[in-house]
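Number of protein chains: 2
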Amino acid sequence: PPRREVLFFPSQVTCTEALLNAQRQGGPPEAACLCPLPHGESSLSRLLQYVLSAHSSLELCLFAFSNPQLGRAVHLLHQQGVRVRVVTDCDYMALNGSQIGRLRKAGIQVRHDQGAGYMHHKFAIVDKKMLITGSLNWTTQAIQNNRENVLIVEDEEYVRLFLEEFERIWEEFNPV
Amino acid sequence: PPRREVLFFPSQVTCTEALLNAQRQGGPPEAACLCPLPHGESSLSRLLQYVLSAHSSLELCLFAFSNPQLGRAVHLLHQQGVRVRVVTDCDYMALNGSQIGRLRKAGIQVRHDQGAGYMHHKFAIVDKKMLITGSLNWTTQAIQNNRENVLIVEDEEYVRLFLEEFERIWEEFNPV
Ligand SMILES: [Zn+2]
Ligand SMILES: [Zn+2]
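The listed protein sequences correspond, in order, to chains A and B. Residue numbers for the first sequence follow our numbering, so the first one is 1 and each next one is one higher. Residue numbers for the second sequence follow our numbering, so the first one is 1001 and each next one is one higher.
There is no bait here: all hints are sound.
Taking lysine-lysine pairs in the DSS-like style, the calculated list, with each CA pair at most 30 Å apart, reads:
1. B/Lys1129 / A/Lys128
2. A/Lys128 / A/Lys105
3. A/Lys105 / A/Lys129
4. B/Lys1128 / A/Lys129
5. B/Lys1105 / B/Lys1128
6. A/Lys129 / B/Lys1129
7. B/Lys1105 / B/Lys1129
Just so you know, the hints here were simulated from the structure itself, not pulled from any lab data.
Work the whole structure out from these sequences, hints included.
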């Protein structure tokens, strides 16, 4: 059945090492992590799992992106051959802690707006079949402190409409 | 069939007088408006129509609410006996142009957070059967200038989950 879930935030702060290590090694995590954080599921770990489920493509359209775990997840996907494209807002991109510079250095394509109005979306499209969208900016502050929502929905029509919006913005922000 | 639509912003700036007048008088607009704005549909007019479709209840859970047309729409619904409840963020509420003070004065119940983290949701629930949610704060700046999305969905499960979230916040922000 098509996946369909609503995540609410703030998220409990849980350890996500096992998720990211499993992705890096392409298998289940080997040893139990000994860090003091809880190791169960949380809204953040669910969101990470949905992002890490990408096999072929990932479009990100994010006003703000500074959370290190989500940054590592996107970096790993790029290293594993997933085609990642990122659209973001130039005002936030310049702030301390943004993951955008790091992703660019890793070779990921990033485009940003030129200043009139905010690029205020907060959505991702996984493998052109799953839409992740809501109020949540991908920042640790928002994840841990704010009241936020994220919808995860596998639905052809929603994916098509948001992918069209992504491509419109991608072309509009083309620096050439 | 259950309604289901995605609105993208920025919205064209269109005249919404006819919509609001029709609501006030409970009938179709009588005379053509002579103002210089376009009078067709726009993302804003669609959003207004969905909000104005409320007959019994309207829950608003909005980080920011300053757009005058949406403010008038909510005020009209309250005057017509719709049970309106508003949850908002205290940081934004204090800003110039917020509609919150005006709605409170009109007798609408408003609750706000006490400061830790943002109440960053941007959703509305119409008659406990339609969910309106997305990236859009209800401000004229965002409506006219930003890249934003709003989903409109009549879906029992989504409405139930967001209504539960609303009630949790409503209780948490209870000043008593
Ligand atoms: Zn750990
Ligand atoms: Zn007019």
